[in-house]
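There are 2 protein chains.
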Amino acid sequence: MARAERIVHSIGSVGAYSHSQGILAVRETIAKYIERRDGVPAQPNSIFLTNGASDAVTRVLECIITDKNIGVMIPIPQYPLYSALTSLLNGSSVPYYLDEAGDWSLKMAELERAINEARLKNVDVRAICIINPGNPTGNCFSRDAMRDIVTFCKQNRLILLADEVYQMNVYGERPFVSARQVAFEMDADIEVISFNSISKGLVGECGHRGGYYECYNLDPFVIEQFYKQASICLCSNVPGQILMSLMVDPPRAGEQSYERWRDETAEIWASLKRRAEKLQSALVSMTDVTCNVAAGAMYLFPKISFPERLMEHARLLDKQPDEVYAMELLNATGIVNIFEVLIL
Amino acid sequence: MARAERIVHSIGSVGAYSHSQGILAVRETIAKYIERRDGVPAQPNSIFLTNGASDAVTRVLECIITDKNIGVMIPIPQYPLYSALTSLLNGSSVPYYLDEAGDWSLKMAELERAINEARLKNVDVRAICIINPGNPTGNCFSRDAMRDIVTFCKQNRLILLADEVYQMNVYGERPFVSARQVAFEMDADIEVISFNSISKGLVGECGHRGGYYECYNLDPFVIEQFYKQASICLCSNVPGQILMSLMVDPPRAGEQSYERWRDETAEIWASLKRRAEKLQSALVSMTDVTCNVAAGAMYLFPKISFPERLMEHARLLDKQPDEVYAMELLNATGIVNIFEVLIL
Numbered sequence: 001m002a003r004a005e006r007i008v009h010s011i012g013s014v015g016a017y018s019h020s021q022g023i024l025a026v027r028e029t030i031a032k033y034i035e036r037r038d039g040v041p042a043q044p045n046s047i048f049l050t051n052g053a054s055d056a057v058t059r060v061l062e063c064i065i066t067d068k069n070i071g072v073m074i075p076i077p078q079y080p081l082y083s084a085l086t087s088l089l090n091g092s093s094v095p096y097y098l099d100e101a102g103d104w105s106l107k108m109a110e111l112e113r114a115i116n117e118a119r120l121k122n123v124d125v126r127a128i129c130i131i132n133p134g135n136p137t138g139n140c141f142s143r144d145a146m147r148d149i150v151t152f153c154k155q156n157r158l159i160l161l162a163d164e165v166y167q168m169n170v171y172g173e174r175p176f177v178s179a180r181q182v183a184f185e186m187d188a189d190i191e192v193i194s195f196n197s198i199s200k201g202l203v204g205e206c207g208h209r210g211g212y213y214e215c216y217n218l219d220p221f222v223i224e225q226f227y228k229q230a231s232i233c234l235c236s237n238v239p240g241q242i243l244m245s246l247m248v249d250p251p252r253a254g255e256q257s258y259e260r261w262r263d264e265t266a267e268i269w270a271s272l273k274r275r276a277e278k279l280q281s282a283l284v285s286m287t288d289v290t291c292n293v294a295a296g297a298m299y300l301f302p303k304i305s306f307p308e309r310l311m312e313h314a315r316l317l318d319k320q321p322d323e324v325y326a327m328e329l330l331n332a333t334g335i336v337n338i339f340e341v342l343i344l
Numbered sequence: 001m002a003r004a005e006r007i008v009h010s011i012g013s014v015g016a017y018s019h020s021q022g023i024l025a026v027r028e029t030i031a032k033y034i035e036r037r038d039g040v041p042a043q044p045n046s047i048f049l050t051n052g053a054s055d056a057v058t059r060v061l062e063c064i065i066t067d068k069n070i071g072v073m074i075p076i077p078q079y080p081l082y083s084a085l086t087s088l089l090n091g092s093s094v095p096y097y098l099d100e101a102g103d104w105s106l107k108m109a110e111l112e113r114a115i116n117e118a119r120l121k122n123v124d125v126r127a128i129c130i131i132n133p134g135n136p137t138g139n140c141f142s143r144d145a146m147r148d149i150v151t152f153c154k155q156n157r158l159i160l161l162a163d164e165v166y167q168m169n170v171y172g173e174r175p176f177v178s179a180r181q182v183a184f185e186m187d188a189d190i191e192v193i194s195f196n197s198i199s200k201g202l203v204g205e206c207g208h209r210g211g212y213y214e215c216y217n218l219d220p221f222v223i224e225q226f227y228k229q230a231s232i233c234l235c236s237n238v239p240g241q242i243l244m245s246l247m248v249d250p251p252r253a254g255e256q257s258y259e260r261w262r263d264e265t266a267e268i269w270a271s272l273k274r275r276a277e278k279l280q281s282a283l284v285s286m287t288d289v290t291c292n293v294a295a296g297a298m299y300l301f302p303k304i305s306f307p308e309r310l311m312e313h314a315r316l317l318d319k320q321p322d323e324v325y326a327m328e329l330l331n332a333t334g335i336v337n338i339f340e341v342l343i344l
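From first to last, the protein sequence lines stand for chains A and B.
Going by our numbering, the residue at position 312 of the first sequence is 312; the numbering climbs one at a time, nothing skipped.
Going by our numbering, the residue at position 71 of the second sequence is 71; the numbering climbs one at a time, nothing skipped.
Just chain A, with the same shape it has in the complex (with noise of 0.2 Å):
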């Protein structure tokens, strides 16, 4: 009660449009959630909420990409958002790969294999996206990987888009870093962009709309024309603001509803953190299949490898053996988004 009624007196209404950049107390909210979680400093005005961080990306993407030879490095396997848009923007997809044997981390030589190549085709790269922990891979980059990317990032004067939307969903002993932390704490002169959402986390409120991006260390100019841009949309959807808020700023020891927050979010955790492991160690005792643990996310990426028999099968019926095993799994059980990106 307390915290609706602190909410609707810094808004007045959530039938009314907030500022374009979202409500003030929210930015501010979300600005100490970051300085707690990083030990750095972080500004409302560099917060800029919308409907979720599909929304959020676009925008960052729409500012980027300005010409068809601008490329984006892009993580394979990836959360297809990012190819997406930049396809739909006319940009250019730079994809590098993510280390299967490495617990889908990455290696700085393939880092230097990929731009070299886009550069090579006269693609003017200026960003990087990476999402930790991983969609779909369940990984949690270490402190020593981010190091590298924050690295390779001021090397080549890219733009580290960060999508760190599951964020709160780790599982493992690493704990998650981010980004920005890194940056700060390497003093590297980079500009990071991260991106958070409601829809996952454990409240995972998907139908709300909900996210931000933050940015750290942008030149005001470009702030400027963030700004200029959310106000051509008025303002991303109230409650999902407010959402948001609430996420980032849970009760606190000594509050009315913080054992109950306590004990259902634990709930959540356990359970999510649970059935990525049964899930896993069911893949695991399958002939044929490796899968890394999930560290993080809410996703596994198993590795099929098939069976002379299979792919001899498959070129009798002169189709791609990944495409005979993903259609006849299919058909005899239903089961379809695990090959999505192998398709792809």
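Source of the hints: derived by calculation from the structure; they are not laboratory data.
One thing to keep in mind: the hints can contain errors.
[To be verified] These stretches of chain A come out as covered by chain B in the derived footprint (C-beta under 8 Å, 3 or more residues):
1. 24 to 31
2. 52 to 65
3. 196 to 209
4. 230 to 242
[As the list claims (entries may be wrong)] Cut-off 20 Å, straight-line C-alpha distance, at most; resulting in silico cross-link-like pairs (SDA-like, lysine to any residue):
5. Lys-68/A / Asn-90/B
6. Lys-228/B / Lys-273/A
7. Lys-228/A / Leu-88/B
8. Lys-32/B / Phe-184/B
9. Lys-278/B / Pro-250/B
10. Lys-68/A / Lys-68/B
11. Lys-228/B / Ser-83/A
12. Lys-228/A / Glu-62/B
13. Lys-228/A / Pro-80/B
14. Lys-68/A / Leu-89/B
15. Lys-228/B / Leu-89/A
16. Lys-154/B / Val-125/B
17. Lys-68/B / Pro-44/A
18. Lys-273/B / Ser-285/B
19. Lys-228/B / Glu-62/A
20. Lys-278/B / Ile-335/B
21. Lys-228/B / Pro-80/A
22. Lys-68/A / Met-298/B
23. Lys-68/A / Ile-70/B
24. Lys-228/A / Ser-87/B
25. Lys-68/A / Lys-154/B
26. Lys-68/B / Ile-70/A
27. Lys-68/A / Thr-66/B
28. Lys-273/A / Phe-176/A
29. Lys-228/B / Asn-45/A
30. Lys-278/B / Gly-172/B
31. Lys-303/A / Gln-256/A
32. Lys-278/A / Glu-173/A
33. Lys-228/A / Asn-45/A
34. Lys-228/B / Asn-90/A
35. Lys-228/B / Phe-176/A
No experiment lies behind these values; they were computed from the predicted model shown.
Ideal placement from N, C-alpha and C gives every residue a C-beta, glycine not left out.
Once you have looked at the hints, place chain B on chain A.
Just chain B now, with coordinates in the frame of chain A:
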């Protein structure tokens, strides 16, 4: 309560993603509203729910403007969404002037002038936008004016983008006539995309960001592309979708909440009409000010003729007279928005 139960039954939860095009039950409700309004069939599959009408216009223009020589005809005075989006999407704005002397209606000769001038500059004009009832002009197009627009679209193979977000805000004797209804009556083979929003009408729930666009006579292939585009950002916010369905399907005579709804909306409507009339009378009672009667929407667009003294004052300051007037009005009274379009 009955409505809430029906909606919850059809969607499961407001916390989950909906169909990317919008909740089917909501699209069915909107289709029935359009049919009742126009006496012309509408299909749920041709309706896309969005985060407000601005989001809807963004998506549609994103699909139309694929190259910088592609032009969109935009009324002047206009609501700045259209020119802002056309700039953002690197397209070409093709302005046409509304006829102040004719109650802010339009003249075929002016439409011809605008399109011919654009074509001489090699602009490939693909669409024309109309705002009816008008923002910021407060006009409401007659059926004859609508027939002219439809004819113009047919002759020039233009998509008609009908911003009809103020369709429930009509104060005079001239009723709102939808673009699609006129296209249907004339049996004109043109494509119409119309926009609506919960931010207007008599509910004005701006903060919830609900809207839709409805496609009339579009190629099914285009609808498929719109669907693909909608799926990139998963769905529009679910509470906004629900509010959209409530707006277009209010309580009916015999239902428990009918009287209250009828009285409240009648009062809001009367208040909007009273204020429009009061302000218009006040404006025209001023020296050197003319202003058309508000037929619809929520705006008046007065014309102020400057006396020679102001013109000379501006010449001495080496500034434009309207800039001087606007700044002095701002400093003296705090009024700013009234001159927005003029200054732009």
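So, going through the hints one by one against the coordinates:
1. Counting residues of the stretch 24 to 31 of chain A whose CB lies closer than 8 Å to any CB of chain B gives 0, so the stated coverage by that chain is violated, three being the minimum.
2. Against chain B, the stretch 52 to 65 of chain A contributes 5 residues with a C-beta closer than 8 Å to a partner C-beta. That satisfies the three-residue criterion, and the hint holds.
3. For the stretch 196 to 209 of chain A, the stated coverage by chain B holds: 7 residues have a C-beta nearer than 8 Å to a C-beta of that chain, and at least 3 were required.
4. Counting residues of the stretch 230 to 242 of chain A whose CB lies closer than 8 Å to any CB of chain B gives 9, which reaches the minimum of 3, so the coverage claim holds.
5. Proximity of Lys-68/A to Asn-90/B is assessed by CA-CA distance (about 13 Å); at most 20 Å being required, the pair is judged to hold.
6. Between Lys-228/B and Lys-273/A, the direct Cα distance comes to roughly 33 Å. Violation of the 20 Å bound is thereby established for this hinted pair.
7. Restraint check for Lys-228/A and Leu-88/B: satisfied, since their Cα atoms lie roughly 10 Å apart, inside the 20 Å limit.
8. Note on Lys-32/B and Phe-184/B: the hinted pairing holds, with a Cα-Cα distance of about 16 Å set against a maximum of 20 Å.
9. About 29 Å separates the Cα atoms of Lys-278/B and Pro-250/B, which puts this hinted pair outside 20 Å; it is violated.
10. The straight-line distance between the Cα atoms of Lys-68/A and Lys-68/B is roughly 13 Å, inside the 20 Å bound, and the hint therefore holds.
11. Taking the CA atoms of Lys-228/B and Ser-83/A, the gap is about 13 Å. The hint holds against a cut of 20 Å.
12. Restraint check: the Cα-Cα separation between Lys-228/A and Glu-62/B comes to about 18 Å, which is no more than 20 Å; the hinted pair holds.
13. Taken as a hint, the Lys-228/A and Pro-80/B pair is honoured in the structure, with Cα atoms around 12 Å apart against an allowance of 20 Å.
14. Taking the CA atoms of Lys-68/A and Leu-89/B, the gap is about 13 Å. The hint holds against a cut of 20 Å.
15. The suggested pairing of Lys-228/B with Leu-89/A holds, with an alpha-carbon distance near 14 Å, which does not exceed 20 Å.
16. At roughly 13 Å between alpha-carbon atoms, Lys-154/B and Val-125/B fall within 20 Å of each other, so this suggested pair holds.
17. For the hint pairing Lys-68/B with Pro-44/A, the CA-to-CA distance comes to about 35 Å; that exceeds 20 Å, so the pair is violated.
18. Restraint check for Lys-273/B and Ser-285/B: the C-alpha separation of about 18 Å stays at or below 20 Å, so the hint holds.
19. Annotation: proposed proximity of Lys-228/B to Glu-62/A holds, straight-line Cα distance about 18 Å (limit 20 Å).
20. Between Lys-278/B and Ile-335/B, the direct Cα distance comes to roughly 18 Å. Compliance with the 20 Å bound is thereby established for this hinted pair.
21. About 12 Å separates the Cα atoms of Lys-228/B and Pro-80/A, which keeps this hinted pair within 20 Å; it holds.
22. Taken as a hint, the Lys-68/A and Met-298/B pair is broken in the structure, with Cα atoms around 41 Å apart against an allowance of 20 Å.
23. With a C-alpha separation of about 17 Å, the suggested pairing of Lys-68/A with Ile-70/B holds against the 20 Å cut-off.
24. About 12 Å separates the Cα atoms of Lys-228/A and Ser-87/B, which keeps this hinted pair within 20 Å; it holds.
25. Distance check on the hinted pair: Lys-68/A and Lys-154/B sit about 33 Å apart at the alpha-carbon level, beyond 20 Å; violated.
26. Restraint check: the Cα-Cα separation between Lys-68/B and Ile-70/A comes to about 17 Å, which is no more than 20 Å; the hinted pair holds.
27. A distance of roughly 12 Å separates the Cα atoms of Lys-68/A and Thr-66/B; the hinted pair therefore holds under the 20 Å criterion.
28. Among the hinted pairs, Lys-273/A with Phe-176/A is consistent with the structure: their alpha-carbon atoms are about 15 Å apart, no more than 20 Å.
29. Our distance criterion of 20 Å between C-alpha atoms is broken by Lys-228/B and Asn-45/A, whose separation comes to about 33 Å.
30. Among the hinted pairs, Lys-278/B with Gly-172/B is consistent with the structure: their alpha-carbon atoms are about 14 Å apart, no more than 20 Å.
31. Note on Lys-303/A and Gln-256/A: the hinted pairing is violated, with a Cα-Cα distance of about 47 Å set against a maximum of 20 Å.
32. Of the pairs offered as hints, the one joining Lys-278/A and Glu-173/A holds, with about 17 Å between alpha carbons and a cut-off of 20 Å not exceeded.
33. Of the supplied pair hints, the one linking Lys-228/A and Asn-45/A holds, its CA atoms being roughly 13 Å apart against a limit of 20 Å.
34. In summary, the hint linking Lys-228/B to Asn-90/A is supported, as the alpha carbons are separated by about 16 Å, within the 20 Å threshold.
35. Restraint check: the Cα-Cα separation between Lys-228/B and Phe-176/A comes to about 33 Å, which exceeds 20 Å; the hinted pair is violated.
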